[in-house]
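Colleague: The lines below spell out each chain.
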Amino acid sequence: MGEKTTISVLEGNNFVVSDLRGDIDASPSEPLGLFAWDTRFLSRWLLTVDGQRPNVLSTDDLDYFYVQFFLVPGTGTIYVDSDLSIMRKRAVGNGFHEDVTILNHKDKPVDLKVRIEAAADFADLFEVKDALKKKGEFYHRIESDRLVLGYRRETFARETLIIPSARAGIDEHSLSFAVHIEPHGEWATSLEVAAVLVGFGENREQTTGGHGDQRARSNMKRSLEKLGEAVPRLSCDWPSLQVTYRQSLIDLAALRFFPITLPGQALPAAGLPWFMTIFGRDSMLVSYQALPFTSELAEATLQALAQQQGTRVDDFRDEEPGKIMHEMRFGEMTAFEERPHSPYYGAADATPLFLILLDEVERWTGNAELVRQLEMEARAALTWIDKYGDRNGDGYVEYSRRNTETGLVNQCWKDSWNSILFADGTLSRLPRATCEIQGYVYDAKMRCARLARTFWDDPELANRLEKEAAELKRRFNQDFWLADREFFALAIDGDGRKVDALTSNIGHLLWSGIVAEDKAEAVVRHLMGPHLYSGWGVRTMAEGEGGYNPIGYHLGTIWPHDNAFIALGLRRYGYREEAARVAMNMLEAATYFKGRLPEAFAGYPRELTDFPVEYPTACSPQAWASGAPLLLLRAMLGLEPAGDHLLIDPAIPSMLGQLELLDIPGRWGRIDAFGRGRVDTSAVGNSAQSS
Amino acid sequence: MIDTTEAFFARLAERGYEPLLHSVSGTSRWDIKDTGSWFVAVKNGSLTVSRDAAGADCVFACSKEDFDHMVVGKQNPTTLFMQGRMKITGNPGLAQLFLRLFPDESLASREQG
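In order, the protein sequence lines correspond to chains A and B. Take the first sequence: its position 350, counting from 1, is numbered 822 in our numbering, and each next residue is one higher. Take the second sequence: its position 95, counting from 1, is numbered 551 in our numbering, and each next residue is one higher.
If you are wondering where the hints come from, they were derived from the structure by calculation, not from laboratory data. Since we're looking at a predicted model, the values are computed, not measured. Take these hints with a grain of salt, some might be off.
Stated by the list, open to error - Chain B is nowhere near these chain A residues, computed Cβ spacing over 10 Å in every case: (1) D532; (2) S662; (3) Q714.
To be verified - Residues from chain B that face chain A, not an exhaustive set, calculated with beta carbons under 8 Å: (4) L468; (5) H478; (6) S479; (7) G482; (8) K543; (9) P548; (10) R556; (11) P559; (12) S562; (13) L563; (14) S565.
Just so you know, even glycine gets a beta-carbon here, dropped at the ideal spot from N, CA and C.
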């Protein structure tokens, strides 16, 4: 891992990426800036004192939404012996609030010229990487107390307001302060930077220029503390778990997204820096991971996705009635339909996952009202599965994009274009029915049968869904099974061929329950065997397959969230010790990342590298990686709601010693779970050969 | 030829019930520039359309051309809003659900036919 050169502070879909001095000097290759609503509202933000950029002494980012920079004036040399100290304190909110303070340590007064250079390129996040040319016009206004940087394309307008508290000379590129500081005195100004979506009217609370109140900061702090109070307390003999648990909670708090359409509620965004928005799949899987700890994320996610459920057939957005969306964006390219994310619906798994999450929320919380409130949406989702999801009528949900220009080729979680390969490394053809989606459909129908019977007063629907699920399970175990290699095909492709690479997807099948009992043992043998299992976790694709690449995005890397769902699947089929091993190895990996698991790491064998090698461009923090340790805790403690009770059936790795999770919230009130480490994970699996 | 705006609201009134708004209750006002205002009230999916009402929980404002394009499916309501061509004020969650009324499939097919 290289030395950190940038620092990020964030809140919801608002984030600031700067260098260690606090400066922003964006270039096409450096995604620095103030970003909000998928737009860069500041691409330049440089502080100079007497024409020199300061040198950094230290940077302190103890809170995800707040950072302090300690600087001294630049001298052009590395020699630091300054009579002045410069502090910048930055809290992100709607835009950000920055306090700049300069201390004079001398016995004499000092006069300084302090200048902040500012510019905004209003790049859409999609443009940042590609350095596309803007189609509209830039403008600026200098008002009595502020600089306004603006961008307009027809009726679309975005503005950055920069409002200093101290008296400043303002021109279109900068704010200048003539500063006089008495001996041992100090000077300070605050700068309010607001990101304005012109025309969003009263839907956005906008900063009008209050100073010194630190509003964004105190609200965020309170909200984080509230989350901390509500979640269960963890104690464990292995101290690293505490670090990972705390980091997971902080990152999930940081990655919360506050949708305009659900005032006061928050759901998980997918990750920093490129995915600070609602994703159907990510937001739902993270919410699921977090359910034993907090149900608020899941309830908000279901409501937000229900509001955006597809109602029409729209090729550009890959939208169909009843379909749950994939990704929502708010930038210029989305607004002008140069990208389809308004929202984009290119995910074939999101709709069954919506139904799974709805049932799971009720199991944990007993929130029957939500199940009744979303009955129409759930029924529409079920209809989508049969009518649009199964586009060729073969009984399986398959996908093929209708937006061939900007749509996604692969509409499953392994969404890179080359993820669905045969064992010999050749590419399968569209449309593709990947195996895990069939598992999700099976699970969704079983769960909705329960909801129909218990809450929707529709036993006829319940019976039909159970019958369909049983038939799907029977056919799936026949059609997807590779008898010679004894595992399930990754997919059935457009030519009706079984896509025969060995992949982690078979682990999701255990989670969904679609695997016939007599086939589970073989599936587990492969998951824990040396080709799929690296020693740190289950690889996305097995070593030995034609497409295998230990640093291929979905072709051999190890994804923490993938492993967490596999661990839960292992528990479902009674493989307690295997689940404990997956959990232990992933928690060990987390210690090499200071408790923050990355989106993915390399699939090299554990004995080769001794430590997990981070995937080069992994997103961090990534919400479903942050949620993975939470789901692993559930898997190790064997937490399963059963009516108004919580079943606890621990299978704890011996390395962890005593593990306690106190005050687990749910329909039972609060319950404590304890377990003592008795599973010697070093002796589990990894001996069998995959064929 | 029947005016598209008039036809849209007339059809809503005739329909009386919209399953996509089954769990929705509230009133919206539609200010169509140089044309007039309509109120669409919904109570658990039951629709009432009027030209004058007491108040609204959310208000939409756009040009007649843009509105008619939404009705016949030539314009997506969300991007119309994102571009700043349709203003929405009031309860944003409720407003989002009212956008499910577009397009009107029968008016869209009439346009295409």
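Colleague: Hint by hint, where does the structure go against what was stated? Just the numbers, ascending.
Modeller: Numbers 4, 7, 12, 13 and 14, in rising order.
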